[in-house]
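J.: Residue numbers (our numbering), protein chains in the order written: chain S, 168 to 642; chain F, 36 to 581; chain Y, 228 to 671.
These are calculated hints, taken from the structure and not from any lab test. Where hints are given, some of them may not hold.
Claimed, not checked - Pair by pair, the computed Cβ-Cβ distance ranges are:
hint	chain 1	residue 1	chain 2	residue 2	range
1	F	Lys477	S	Gly400	35 to 45 Å
2	S	Val196	F	Pro280	31 to 41 Å
3	F	Ala318	Y	Gly485	55 to 65 Å
As the list claims (entries may be wrong) - Simulated crosslink set (DSSO-like; lysine-lysine; CA at most 30 Å straight-line):
hint	chain 1	residue 1	chain 2	residue 2
4	Y	Lys285	S	Lys359
5	Y	Lys420	Y	Lys440
6	S	Lys257	Y	Lys583
7	F	Lys402	Y	Lys570
8	F	Lys181	Y	Lys285
9	Y	Lys285	F	Lys129
10	Y	Lys346	Y	Lys380
11	Y	Lys451	F	Lys228
12	Y	Lys570	S	Lys534
Here the structure is a predicted model, which means the values were calculated and not measured. From the three backbone atoms N, C-alpha and C, an ideal C-beta is built for every residue, glycine too.
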Amino acid sequence: MNGYRRLGHHLLCTVLTLAPTPLMAAPWVRSFVVDKYEPAFHYGGRPGFEKTGTIEPGVDCPGGTLPMLDYAKVTKTSWRSDEEVASWVKPAQVTDLQTVHYMQERILSYRSFRRDIESYINPFTAPDPGMPSVVGKVAEGFNLDGNVKTGRFISPEGEKGIDNAFYRAVGCIGSYRGVPYTAAMSVRSTDKMLEGMYTMVIRLSGNEDPMNDDAATLEIGYSPDHVNKQTDGRASTSYSFRIVRNEQYSKVKAVIRNGVVETQQVPELHTPRFGWFPNQMGDADFHQGRIRLEIDRDGFASGLVGGYRDWRDLYTEDTFTQSGATVETRDHHDLVGMYYALKRNADGMPDPKTGENMGISIAYRMKAVPAYVVDPEKPVALNVSPGDSRAIKKYQQMRTIFRNGTMTATIQANPKGSSEGAPQLRQRADGSWTNSDGERGAQRDATPPIGPSTMLQQRVSEVSGEAPAASLSAR
Amino acid sequence: MQGNAAPRICLVFGLLALALSQPAVAAATRDVANLRLLTESEYRNSIRDIFGADIVVQGRFDPARRTGGLLAASSTVLSVTPAGLEAFSQMADKIAAQAVDEKHRAKLVGCAPKDPKAADDSCARPFLERYGHLLFRRALTADELKSRITLAGTQAQSSHDFYAGLANSLATLLYSPSFLFRHEIAVPVAGSKTYTLDPYSRAERLSFLMWDTSPDAEMLKAAESGRLNTAAGVAEQVDRMMSSPRLETGMRAFFADMLELDIFGDTTKDSVIYPKYNAQVAAAAQEETLRTVIDLTLRSNDDVRNLMTTRKTSISRVLASIYDVPFNFNEEWMPYEFPESAGRSGILTQVSTLSMFSHPGRSSPTKRGVAIMDVFLCEPTPLPPANVDFSIVNNTSGPLKTVRERLLAHATTPTCASCHTHSDPIGLTLEHFDSLGVHRLKENGAPIDVSGTLQGKTFVGAGGLGRYLHDSPKFPACLARKLYSYGSGANSEDVDASVYKDSYKAFVDSGYRLRTLLKTMVTSPDYFTVVPLSVAETKTAMNTAK
Amino acid sequence: MALDRRLLLRGAFHGTAVTMALPLLDCFLDGNGQALADTGKRIPTRFGTYFWGCGLTKELFVPKTVGANFETTQQLASLEPYKKKISVFSGLRAVVDDNPNFQHWSGLAAITTGIAPSKSGEFDSQTIDQTIADAIGRGTRFKSIEVTCSGNKNESYSSLGGANTNPPEVTPLGLYTRLFGPGFQDPSKGDWKPDPQVLVHQSMLSVVSDDRKRLLENLGARDKARMDQYFTSVRELELSMDAALKRPDVVAQVDIPGAPGELSVNKSVPVLQKVVPQMARLIAIGLATNQTHVFNIALAEPGSTIFMPGDSKPFHQQTHEEPIDPVLGYQPVSADFSTHSMKFFATLVKELDGIKEGDGTLLDHSLLLAYTDTSFAKLHALDGIPILLAGSASGRMKTGYHVAGDGSPVSRVGLTVQQALGMPVDSWGKGSMATKKPFTDVLA
């Protein structure tokens, strides 16, 4: 992106923008399908560093990417002795490592001020460990409130007042930190998108000229039609996609100057969500949302989507898509810490009654290829399989429970059938550990080492009542 | 034997009764004029029509060889290799096993054995007779039937399973040469020295050409009764077949052969240069072309020459992405008409033609020109001389930027020019389309010149080429030639146009309607005229003896 | 006669109209019938699968060059001694279409059935080894033998379709007992019984041959030759059936070993290093003595939890939790586990190649399919799933190639394998994985 162009635009100095060669004004449409999408975290490591999954220190995270949790430290509470911690974190007499892992997950799930409280559902009941923030000065995003004093970041092109508090709060997490589009979680999400899990489409239209138009329109939404992946890894161009006008659909006005599209800022901008599991799909509701896209000469687009998002939703998306323990152990960050970090960095959407900031500023970046986005002549819905439907319902249930709990400071029980809380393990008389269901446990005791897949299948069906496709078996 | 027949096979019993009352086939004056191996689609369609669409046919067929532009011509030269026979035998086992399994036996066997663990000739006989008749496309001889019934009986006894015995016997029909080969039998015409095809052979010719399948019960009846020996009888069957939607199946098979769509099986594209190309694109491209052809020639009954110029087609979502147009998702296939500005012209510029006759990484005017001449004009090009130096043409980073420049440089050499001056101009007009069929105006940064000059006429772009071919008498003549050759299994290069000249005239007079060509060709009295090989060989011997 | 009869037949019929010198048969047979075409070979062709979970490391296994004589990469180093007998496939995709990508499942089911599974843990058709066993598994004591190396009887991926899988042997002693314990058919003594189906097919063929005389009437010389070619093919089938009715020779040089001792079996890598060679050896001897022609061996489950003692995290966990090393560009600990998975495959290859049989080794008369569930376990990615083949299927397979799949569906390997084993399959797989194109580069 050309810094001069961007700066000139933001200064609203039309003199500096070159007048285009006048073309015949005519209605035009240009559409895209997104094939890369991720939170816009700025990597502050070595300049020009290209490798994936960077962990090294940088100006953004001087301590480097957040290291693996020290389970023993994290799970120590006032009511849990060191011996008990050790018996869960490094259990003797348990030779099967998968069982050990599940035990660790279980103890991580319960580290609040009282033994029976599940800590991912009720993070406010555990102490704030203090998640290290991003300390760098540069971030991608938008100055959402028009106030250069509130946003403490400067954009890579030099714009001041960028509001991206989400990045500050959690930008050192291993799954998200890295050179654009290379961090583990975004590679995973893009992979799923390109395999057909979800499709995000954008349609631009206007009456003057696609590269310069004062009264353009931008539409964004889901499509039920799969992305087609080319052999070079990008989405195939010129495919047609139907756009669905459900709650994730938005239509906003935009101004285009030399191929740079800036939408108006709207109170609510609904878009598809970034995610890697079907139960994460839904509405990413950006308050004071806006989109910027840059279209290059070949018609390919890259850009940003930003606004304030409900921070509790961000916690939910990260935590309850699978289970809190899965996420903590995989992504090397403390979810309780993340809860507090999000809360204290929340910088928008003040609740009219309590004044609490319910939203946090955020930006996502994307790349998109030229496509045809069409309105379906017959109504069409997104494909959701029955299994995914159930998973989505469970996820919504967890979201509601978590919100209610944290907003009212009321402790919530772990609902039956959730993936939280890890397997019910019990210790036998001889000190060895086994799965909780007495009967099956007894059966297995009689046979030589149990494979984790068996335990896994049994545990998941006990806990969630469904086949091991979704939650805990999935990492 | 009719005692326990199911109602739905009464018709067949009727005709069987008729068949059994006919004398056995007499050997003496029945020379085989042609022995034609069934093609893969003829085999599959025959099984489908005889046993039902849910019978799975899974197996490998030996490859056919394109001669005179048609795979159908190899039906008269190919035989069954050991590996081929093994494959046919395995396919036969599987088909037969399905035909008698619990799901199918009520419908297909139609009678129940007295004891399912033992032989029962009275139930096996009608089954083997009926299917033998349909498979051999004639009644079984007494010996053939007897040996099958005996086999079914002994197998049933040794395996204690009536149906296993029945299946095994049925399988022997399925890999017999009498099923796998069409025997075109020549009988002398009374009062002349010529020979004509016997009615069974006529039935086969008509069915395989028009519906790409074995003669059905009604057609076999027309053969048995001798009706097909008369012009009226032939016309009846022809009208029946042509008014059926199944005509499209037959014509699809013909056009797939003539347009060489099987070449897609070997077409690959460089995935770095053309990352969009994949198996779905190939399959869709074939279907698009067949739909266009059938829509124009059969459904609209339009002038076939418009295949060179029409801008109307049907496309799927995948093809829409190649042609770079939006898709409306109403159905899997969307009718589409290219605007004139797209520079497209008929099937010449569909993805199929453009991508099959190109290199993996770039277009090839020579390949396209050679193919168009061969496919549409019946003018095949000989292979290049052995010592040709391709380096200038293949050097894409040299000073000659476009393919045109490189080819024209080549065409100044006399040995090359003799062929290239014919094929290249045709291909050069299509250079606005790359190896995948995508429109482009520049190559390596240089604008592409799409003019071509052939026999003093200059035309520009695909539109110009299309009109040139539309107006050339060679295309309809070639179509007629290939249709005739496909139907008769001849090498199109060896066929004398006089044998179909009447139908060709009718074709022209009708405004080049395919239906007219087809109907007049197969109802012409000469269509069934053949020379039995014994006579041909005698003549040859006599000639060489001179 | 030195002519390759198959070549001659192929060459003759892919060309001009034919007149063949008859009879064909005598000149291609010697007294022992040793020179019969593939259908009559007395050394049977074997098939086996090796499954390991969590894939390989793209940066460390994909050879830089494509085609024959590819350069051995780090993760394939253990296979270097057998390089000429293996082929490596990179860049293949499992395409799930509208089905979900079941993690640690869809990839492996796609390879062995050609179909994206509609339920996790289930197959939508029987797996390829069972289809192959139907074709080449006749006449042996066991249609197929399944083995798992780390002790869990649920870890078998050979199935007749649906949720069931063929139960595996879980210990070396168990495998030994199954193969060489009670019921062992010593091929050199005792009552070997021929496949009764062969006799049935012989009767069927003779009914067809009976028609020969009549069918040859009234044909011109050219067509007579073509009809005769058909009947020559019939005769060849008859001869191969005659051969099948005779007890097969055990031409392998092998002794039946004594029973192995009790061994503990679990997922620790050092323990596997003791167990896998034993399993591999027993399988090899079982094949050589014709107890079975088809086997399946699984190292561990798809979310492979093999581990190094002392290390708190097994393989699968590492693939998700281990960060990608910024300098190396991959996950080093996970890569080590993948390398071990390849070493175990090399152990299997070594055991088969170590048995001399006829003019080659048991491996030469076999075809092994080594496959996994994912290309990049961290993401459960399905793009670039590695597959290896070993053995030349009694000469029907060319080996020593690196085939770059270029985004082709994984089902092309399954189709190639079946065609190499002489099965009459022209297409395989469903949906976007339906294919008619085998990898002709590796088909002889």
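J.: Against each hint, give a clear statement of whether it holds in the structure.
T.: Results for each hint:
{"no.": "1", "hint": "F:Lys477 with S:Gly400: 35 to 45 Å", "result": "violated, 26 Å"}
{"no.": "2", "hint": "S:Val196 with F:Pro280: 31 to 41 Å", "result": "holds, 39 Å"}
{"no.": "3", "hint": "F:Ala318 with Y:Gly485: 55 to 65 Å", "result": "holds, 57 Å"}
{"no.": "4", "hint": "Y:Lys285 with S:Lys359", "result": "holds, 19 Å"}
{"no.": "5", "hint": "Y:Lys420 with Y:Lys440", "result": "violated, 35 Å"}
{"no.": "6", "hint": "S:Lys257 with Y:Lys583", "result": "violated, 50 Å"}
{"no.": "7", "hint": "F:Lys402 with Y:Lys570", "result": "violated, 49 Å"}
{"no.": "8", "hint": "F:Lys181 with Y:Lys285", "result": "violated, 64 Å"}
{"no.": "9", "hint": "Y:Lys285 with F:Lys129", "result": "violated, 42 Å"}
{"no.": "10", "hint": "Y:Lys346 with Y:Lys380", "result": "holds, 21 Å"}
{"no.": "11", "hint": "Y:Lys451 with F:Lys228", "result": "holds, 24 Å"}
{"no.": "12", "hint": "Y:Lys570 with S:Lys534", "result": "violated, 41 Å"}
Hints 1, 5, 6, 7, 8, 9 and 12, counting from the list given before, are not met by this structure.
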